[in-house]
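For this one, chain F is given, so just place chains P and Y on it according to the hints.
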Amino acid sequence: MEEVQNEFSLVGIEDKSASENIVKPALSTWQSVWHRLRKNKLAVVSLVFLVLVMLYALISIPLVSQNSANQFDTGTAKYKNLPPKSGLPIPGWDGNMTTPGATESVDVYAKNDVDQNFILGTDNLGRSVAKRVTVGLRISLFIAIVATAIDLLIGVGYGLISGWLGGWVDTVLQRVIEVISAIPNLVVVTLLAMLFGSSMWSIILAIALTSWTGMARQVRNLTLTYKERDFVLAAKTLGESGPKIALKHLVPNMSGTIIVQIMMTIPSAIMFEAVLSAINLGVKAPTASLGTLITDGQNMLQYYPYQILIPSVVLVLVSLAFILLGDGLRDAFDPKMADE
Amino acid sequence: MAKYILKRVLILLVTLWIVVTATFFLMQILPGTPYNNPHLSASAIAQLNQTYGLDKPVLVQYFDYLVNLLHGDLGTSYQYQNQSVSTLIGQRLPVSAQLGLQALVVGILLGLWFGAVSAKNQNKKTDGFLGIISTLGISVPSFILAIVLLYVFGYNLGWLPVSGWGDSFSETILPTLALAVGPAATTTRFVRSEMIDVLHSDYIQLARAKGLTGTQLIRKHAYRNSMIPILTLIGPMVANLLTGSTLVENIFSIPGIGQQFVSSIPTKDYPVIMGTTIVYAAMLMVCILITDILTAIVDPRVRLK
Amino acid sequence: MKRWQKWTVAAVVVLVAVGGSRAAGWWGTSPADDKSTLNFGLATDIQTLDMSKATDQYSDTILGNTEANLLRTNSKGDVVPDLAKSYSVSSDGLTYTVQLRSGLKWSDGSALTAKDFVYSWQRIADPKTASQYSYLTSGVKNADDIVAGKKPISDLGVKADGNTLTFTLEKPMPQFKYLLSFAQFTPQKESFVKEKGSKYGTTAANQIYSGAYKFEGWNGTNGKFKMVKNDNYWDAKNVKTKTINWQVIKNPETAIKLYKQGKIDRAAITNSPEMYSANKSNKDVVNSAMASATYLEYNQAKNPFLQNEKIREALNLATNRKDLASQATGGTRDAAKSLVSNNLVKAANGQDLSNYVAPGYTYDKEKAKQLFAEGIKEVNKGKMSVTLETDADSPIAKNTVDYLKQAYESTFGDQISITEKIVPFKQRLQDSQNGNFDIVVSNWNGDYPDGSTFYDMFKATDTGMNNGQFKNQDYIDAVTKAESTDANNPSARDADWKAAEKALMDSANINPLLSWKGASLARPNVKGIVTNPAGLPLDVTRAYRK
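For the protein sequence lines, the chains are F, P and Y, in the order given.
FYI, this note's numbering numbers position 91 of the first sequence as 91, with every residue one higher than the one before it.
FYI, this note's numbering numbers position 62 of the second sequence as 62, with every residue one higher than the one before it.
FYI, this note's numbering numbers position 486 of the third sequence as 486, with every residue one higher than the one before it.
Next up, chain F with everything else stripped away, as it sits in the complex (with noise of 0.2 Å):
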């Protein structure tokens, strides 16, 4: 779509807003777009779930470690691919299951001789799901988050130097990211972690390199529209560096749409994450991400579901929030939304 944008423009009147009035009370923008997206329920939700998840995901930090998640014992077969237990008498929930082979559904803990209950029951070595699902969040959260990061850097000062100084520079840097874009992501995502090898870094630096081009090309377009607004002018004229007036001026101005930027390339990284371990790219083991918990847990589907749906809902409720609240948050900038 933003291929296309940089073909063509639309020829007429696109604002209708702009010929009304407003009567409103003077509020700064963050209070308004604070007040618009309080009222979308969905992003709401999506950004209190968001906030949680990321609170668990740090409190997790000195609770379950990485090595702690990685824990077996070897000297027992007890703890193997118990289902999950809660405890209560919650039917699926309650530690009974039918293991592959019999024909009835028994209490797997009892059966076993075990006293523990593993909430989320335990993987095909003993390990407790619980905590690999844990670490494997923060890992997947971290990448992506990281990833994005890296994103930003470089799809907002690429922008920017791109809009800002026009000319061949622009056209130069363009054709840059119309040849990385013709290249489907996957593959460039593939052949970088071939070239770095199998890290939590080079999957970060993989999915960096290839996801900032949309954020590139967002900033870049409004650097252009906004070069000829009065403020830069009037700081131009005042005789503010490009560099500052950049900073000062036109980053604060796209906020909005690098935040809703932002938010659309979290769930793509995690989800690039997710591709690579299925491919064999992914982090090395026994740490766990959520995808190389998928990918180990599809050799389980069969027999025991829960090791692939758990990591699984996990990581599609995590990109859902994102998304959700990413729309709420795109709605909420726009101005057009401001009287509704």
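It cannot be assumed that every hint is accurate.
Claimed, not checked - Cβ pair distances, simulated, as ranges:
{"#": "1", "chain 1": "P", "residue 1": "Y62", "chain 2": "F", "residue 2": "G167", "range": "25 to 35 Å"}
{"#": "2", "chain 1": "Y", "residue 1": "G350", "chain 2": "F", "residue 2": "S199", "range": "43 to 53 Å"}
{"#": "3", "chain 1": "F", "residue 1": "F196", "chain 2": "P", "residue 2": "Y62", "range": "15 to 25 Å"}
Unchecked claim - Every beta carbon over 12 Å from chain P, so not counted as near; a handful from chain F, in silico:
{"#": "4", "residue": "V64"}
{"#": "5", "residue": "K78"}
{"#": "6", "residue": "A110"}
{"#": "7", "residue": "Y226"}
{"#": "8", "residue": "G256"}
Simulated from the structure, these hints should not be mistaken for laboratory data.
Idealized CB from N, CA, C, for every residue including glycine.
Here is chains P and Y on its own, set in the frame of chain F:
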């Protein structure tokens, strides 16, 4: 128009050349050799290098590759002995293309329908429901969906075939559905917002005033005007389909280029990886070019720069 | 909108009904009842039909069932004449003389002669062919020099005279008869190879068949193909099945599903421990022997910790092979007793070779701790940090390294730290060969039923298999003795293998972990399938449905 197309084609070719060059040199620095036999002695490896032309200077290899590429020759696979990469890709491309096209058509049709229903019932329950479903649709990676579909409809219910390609249409249903959900969700969201804009426009208000009812209104007026922007979606959707299809093909054992790409990664079959990359890039660029041209043709408001 | 909805609903109903009824088998009888056909799955794509260049077991499976060699392994594991009428070995073990059957024909009806065998042997040894399996010819007169490009291919010790083939060896090789059943050495027709040029073996039509079946319908990339009975095969009257259908099924779970739906007649159940435990009590399960072993290689050339014998011995003693087999692999593999796998071959005294040679690897945690502490002190470089590398070919491989990491770290506490490195198969091979590893999980499947297929691996540092780069003189002496003075004396040879195993264990040069085994769901009414522990994994040439 002709001039515009020519210019775009030229840019496309230059872009493709850059892609080829970049991938070629990337392959040079990737670790790995084409041989998978631990018994090979140094002299045997030297011999094999000579056979594959790997003993020549890199620049010579590069120009050889370019010249061969112009003749449609993408080299010989390391993994599939003697097999030319062009044949490997050429025979698998139609399979992937059929799967991709089916998914795109099903996805867009479903998206049009859901989007219209959503827009017509704006802010009602149906709208909210479809909104969540379509957001869910873009947040579930197609390979997870493929696994779930395979498990439910293939393994447990046994309604549909679980693998293969080419014997019957029913084999294509599950993979098509897995891939179609992404485009369907994107289209739904897009059509909804486009159509809401259109429904609020003056000429629809006029039509309404003239007494047209909901369904007629949408079919006769709203659809047509919200259809055009959908064309612009096809490019990005194709890009996403390419990503999704690699894993989905693998899950359903479909002999397409995606599966080939995935299986050539662990075997370090660089000629195949490179060939696939080039073909993917060319496909994506051609798709974007075609949609741009189509948009220009159908939408008189869009002026070519 | 209403019409839209109706159409869509109708379309979905039709599709589901069509798919469902097909799956339910309403469109014809189940393939599992058709006596003229058999159906099998192949776990990966076929890579080539050029036997001189094939390197993977799936291409070999196709070639082994469509091409015939001089000899073929029967269900008892003995090699019996196939295209050969008879063969004899000279008393010094250096000359093999083979009489061909008369009137042999290729699938196109042309005559198949002794020259076609000579050509095939020369072609694989020819450096121009660049075969990765050219080393297999080693031991045949002048083969090594030809492979190295020092002598012309016509000097190879394989000669034809009318219907007689003579193989001249440089040293006695008791295992040589097995080579005469290998897919790599099946005959090739020179004129056909030359005519096809670079297209040779790239599609089913670009190959010519000497075996019980002709191969059809493979265009180089597709996943469904079949074998059709070859009426020109000498023993065609005993080939009972007309058509054998094959399809590529990459997902092992899918293969099991297709088996249960009656669409294929055999499916392996050993991909994951869970799959195994879910299916092992099924009445259709058949177990098969596999001559494959998994062992750890310690990098003794580069890693100072692993150069210390006490540390290596401590690691070996801290390996509970029985628990590893039952927990990490869920019983899909057996605990290793020695480097050589179970079921490779019987020793001269009738025992399984692996039992006979077993040097007594044990699990002793306390002794391991003590030796490790001593070793760490001797090395004097602080904490031991090593990588443990494996390839990601199956859940079992991943479980194995997870298990070992946990076992070693819980035994040796904070004196050791193990980082797992899970890489693609080829990357693992390359890292191994370049010595770019600390500890690596290696697998080896025997090429033929003879101890030398395992023991040759470590007899020098440049065999390409001795990735740990160790030199164990006792081991080398024992293996050399087995392959020279004792070559024609089976029981003395077995004793040499036993000495070699003991030398390996005493210096803890490697750590044998697991011995593989096969288990599959197999249609009970399909008879006559032969599975070989080493060599052709699945021989269906005489299989039929009862």
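Practice task
Determine which of the earlier numbered hints do not hold for this structure and return their numbers in increasing order.
Solution key: none
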